[in-house]
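Can you make the complete structure from the sequences, with help from the hints?
Chain order of the listed sequences is A and B.
The opening residue of the first sequence carries number 247 in the working numbering; numbering runs sequentially from there.
The opening residue of the second sequence carries number 548 in the working numbering; numbering runs sequentially from there.
One or more hints might be untrue.
Claimed, not checked - Derived pair list, reagent style BS3-like, types lysine-lysine, alpha-carbon separation capped at 30 Å:
#1 A:364 <-> B:980
#2 B:980 <-> A:262
#3 A:403 <-> A:460
#4 B:980 <-> A:378
#5 B:980 <-> A:420
#6 B:980 <-> A:267
#7 A:378 <-> B:770
As the list claims (entries may be wrong) - Restraint ranges, calculated between C-beta atoms of paired labels, are given here:
#8 A:360 <-> B:895: 49 to 55 Å
#9 B:770 <-> A:310: 46 to 52 Å
#10 A:299 <-> B:1081: 37 to 43 Å
#11 B:699 <-> A:417: 39 to 45 Å
#12 B:869 <-> A:299: 25 to 31 Å
#13 B:869 <-> A:424: 51 to 57 Å
To be clear, the hints were calculated from the coordinates, so they are not data collected in a lab.
Just so you know, these numbers come straight off a predicted model, no measurement behind them.
All C-beta atoms in this analysis are idealised placements derived from N, C-alpha and C, irrespective of residue type, glycine included.
Spelled out, the chains give:
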Amino acid sequence: MAAMLEVKDLEVAYGKILAVKKISFSVEQGQVVSLIGTNGAGKTTTLKTISGLLRPTGGEVWFQGERIDHVAAHDIVTRGLAHSPEGRRIFPRLSVEENLLLGAFSRRDPAGVRSDLKAAYDLFPILGERRKQPAGTFSGGEQQMLAMGRAMMSRPKLLMLDEPSMGLSPIMMKRIMTTVSELQRQGTTILLVEQNAQAALKRADYGYVLEVGKVVLSGTGRDLLVNDSVRKAYLGED
Amino acid sequence: MTDIDTPVDDISEAPVAKPGKPIAWPLGLAGVALVIVGSFLSWSYDGQILNDLSINFYPNGLQILAIILALLSLVLLLVEKGPLVKLGSWLDATLGLRALGVGLVLYMVLALVAISVESDGLINVNPGGYVTLVGGLLIAVSAWMLPLHQLRDMSEARMPAWFDILSIAVLMAALLFTAAYALAQTEAWPLILCLVFVGAAATCLFRCGVMTFVSHAGQRHRKVLTLAAFAAAFLFPFTQNGDDTNMSIAGSVLVFSATAMGLNIVVGLAGLLDLGYIAFLGSGAYVAATLSTSAFATIDWKPPFLIVVLVGACVAATLGLIIGSPTLRVSGDYLAIVTLGFGEIFRFSMFNLDGNNGPNLTNGPNGIPGIPDLVLFGFDFGTDHTVAGVELTRNANYYFLLLILVGFVILTFSRLNNSRIGRGWVAIREDEKAAEAMGVNVFGLKLLAFAIGAFLAGMAGTVKAHQDGAVSPDQYIFLESAFLLAAIVLGGMGTIVGVLLGATILKVLPEKLRFFLEYRLLLFGLLLVLMMRFRPEGLVASRRRKLEFHEEDEALAVAVEEERLIAVEEAK
Chain A
247 MAAMLEVKDL EVAYGKILAV KKISFSVEQG QVVSLIGTNG AGKTTTLKTI SGLLRPTGGE
307 VWFQGERIDH VAAHDIVTRG LAHSPEGRRI FPRLSVEENL LLGAFSRRDP AGVRSDLKAA
367 YDLFPILGER RKQPAGTFSG GEQQMLAMGR AMMSRPKLLM LDEPSMGLSP IMMKRIMTTV
427 SELQRQGTTI LLVEQNAQAA LKRADYGYVL EVGKVVLSGT GRDLLVNDSV RKAYLGED
Chain B
548 MTDIDTPVDD ISEAPVAKPG KPIAWPLGLA GVALVIVGSF LSWSYDGQIL NDLSINFYPN
608 GLQILAIILA LLSLVLLLVE KGPLVKLGSW LDATLGLRAL GVGLVLYMVL ALVAISVESD
668 GLINVNPGGY VTLVGGLLIA VSAWMLPLHQ LRDMSEARMP AWFDILSIAV LMAALLFTAA
728 YALAQTEAWP LILCLVFVGA AATCLFRCGV MTFVSHAGQR HRKVLTLAAF AAAFLFPFTQ
788 NGDDTNMSIA GSVLVFSATA MGLNIVVGLA GLLDLGYIAF LGSGAYVAAT LSTSAFATID
848 WKPPFLIVVL VGACVAATLG LIIGSPTLRV SGDYLAIVTL GFGEIFRFSM FNLDGNNGPN
908 LTNGPNGIPG IPDLVLFGFD FGTDHTVAGV ELTRNANYYF LLLILVGFVI LTFSRLNNSR
968 IGRGWVAIRE DEKAAEAMGV NVFGLKLLAF AIGAFLAGMA GTVKAHQDGA VSPDQYIFLE
1028 SAFLLAAIVL GGMGTIVGVL LGATILKVLP EKLRFFLEYR LLLFGLLLVL MMRFRPEGLV
1088 ASRRRKLEFH EEDEALAVAV EEERLIAVEE AK
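Shown next, in the form of structure tokens:
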């Protein structure tokens, strides 16, 4: 069976600078796959290209058997690929509920949206309690919950999370990571981009290590966690 | 309507009751008495000015306005202490009284200045004028000695439905009569005094909380409010008694309003800065002109007017799409520059398509004069009609047609605003990149805003061509686009009431105050600078816009969300 998401020789450039240099990886249905790497490794660029916010200069992206590297961003969301962008990018002046509803913008089934709204509030009760409050007044962790809830509102088959743990307290990070596993159990495939390799690999079925725009290493999450060079470079061990 | 301003902050920020001085109340009462007595006396020796203020015990309109302000003060004083004290926990008498006091003093000072300017100095002022001024001063002084109150939340005030509806009707009737009275003034000074009166009365009603109540009543009975507003606008020509000049002004206000509301979709909802919007009005007008039966019309096809409206609107929308599709990919400053250029290109094209440089479509700088009046379903817009004993002139006929147009534009605006598309526009305005990641078709929605805005302006243009009877390129200069934007910014971006108000102010003032015309750029510029400093959200702020300028206000944010939920309920 073909992979749900297949990235082949992807190349993305900002002007003349190649940010992503022919990387290839794939995500199987039901998996949690992690992309880890340092700043500037090209992780965010890769996600933005997959979701159609950037255009590749070379290579292909296949999602559920269709090529999507030149499909418009809003069409990609409709096809079931949601992107929770780096830095959360919630709408700070809009209320929690409006943020969530915007996540469901691509959908046209009001009844389904309403029930998913309830599902989002079940997943993150704090959002339900403060549904009328403007999102900008939330703490970082709450904003991350909102960003994830919002991305889930499009009822994605594949959810791409860009650094969900950025700037969070360890407790909040754990909460977010538990949710990732929870979503996986509910049947969502997840592509997780993280700098925090430990947390990401612990939950990943498979992982790829990116360095300056290239995949340098890949393997199951467990293998990578015990890999010497990964331990040295990302887990701060000698 | 949702966007009537409620000065919640004024009330909630008031410090907890500081005891007032005991003398304040009788002082205020004395002030009221003085104003009323003074207004019954003669203000001026010269009977020629301000519509004759020289006769004792025969107050003219301007003196009656002063009496009305005094009576409002009296009511508020009785709320403070006396038979109406029950209302005291809802209405802020002190703040209202302050507005009235200051307004009365300003009113009288201006009246005395007017008297001395128009005739030979202060010598012409009769005692009545001074008495009234002193009365106004007393009211102002007493208002500042009265204590400030902690009030109950007006949104909890529940009255029987008939009372809500009555208050809406009274508000609309007051608006209608004030508008009729102000427009009946042909000279500058009385009009200025009228405006001061309106300003004082409106500020008072907002400050003391009456308007908060009315706006809540309006939210409870939205349809009644809409209907009442439309009825008041519909009745306006009947107050003019065949005065064609005022109806012509009213007609141009409506054209301007319809266009401004169209631009409001582009600027207020989608957040795109369009500096050449007048070109869309122009293209509609030119389509109507060239397809009309004018002797100078250049196209031989003479379809019925309803077709012309559609053609004009579609031509404008097509122009919108043509100009939008390459430029909407850029944003902000670039878009502003491109649209500015487009406006000028349109004007020069109309100027040059005269047969010497290309086909003769527009008669060049001469434009197309002699556009005949409309005849719709056998109704001739060019002749006077008498309805219920009131003569309705040519311009009144167009006024009714334009009223329907404005109604259509407002309906389009509010439906869009509360729709899924409207939500997409909000997202684009807030964070374009995030909106794109959410699956909002950013480019498509921007283009849609552009096309809808252009479509509506094109519609307005087709009527305008017939109403004006002529089109020429110099009607569509950049300044007009700037004024449209100014109306939106002044009134309140993204609101309906605000933009209508802004458009009315910007159109009526230069028409009625001729001296104003020469300095209008200076004065409007000044006004806009002051607005940006003190009230960046515009005269009537949509709550959401207000939030953009006062982000820390959580209570406001919750109110915004509640309002949205009500709107969503209604939409179902």
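Hint by hint, here is what the structure shows:
no. : hint                         : verdict
1   : A:364 <-> B:980              : 26 Å, holds
2   : B:980 <-> A:262              : 23 Å, holds
3   : A:403 <-> A:460              : 26 Å, holds
4   : B:980 <-> A:378              : 24 Å, holds
5   : B:980 <-> A:420              : 28 Å, holds
6   : B:980 <-> A:267              : 24 Å, holds
7   : A:378 <-> B:770              : 26 Å, holds
8   : A:360 <-> B:895: 49 to 55 Å  : 53 Å, holds
9   : B:770 <-> A:310: 46 to 52 Å  : 48 Å, holds
10  : A:299 <-> B:1081: 37 to 43 Å : 40 Å, holds
11  : B:699 <-> A:417: 39 to 45 Å  : 42 Å, holds
12  : B:869 <-> A:299: 25 to 31 Å  : 27 Å, holds
13  : B:869 <-> A:424: 51 to 57 Å  : 53 Å, holds
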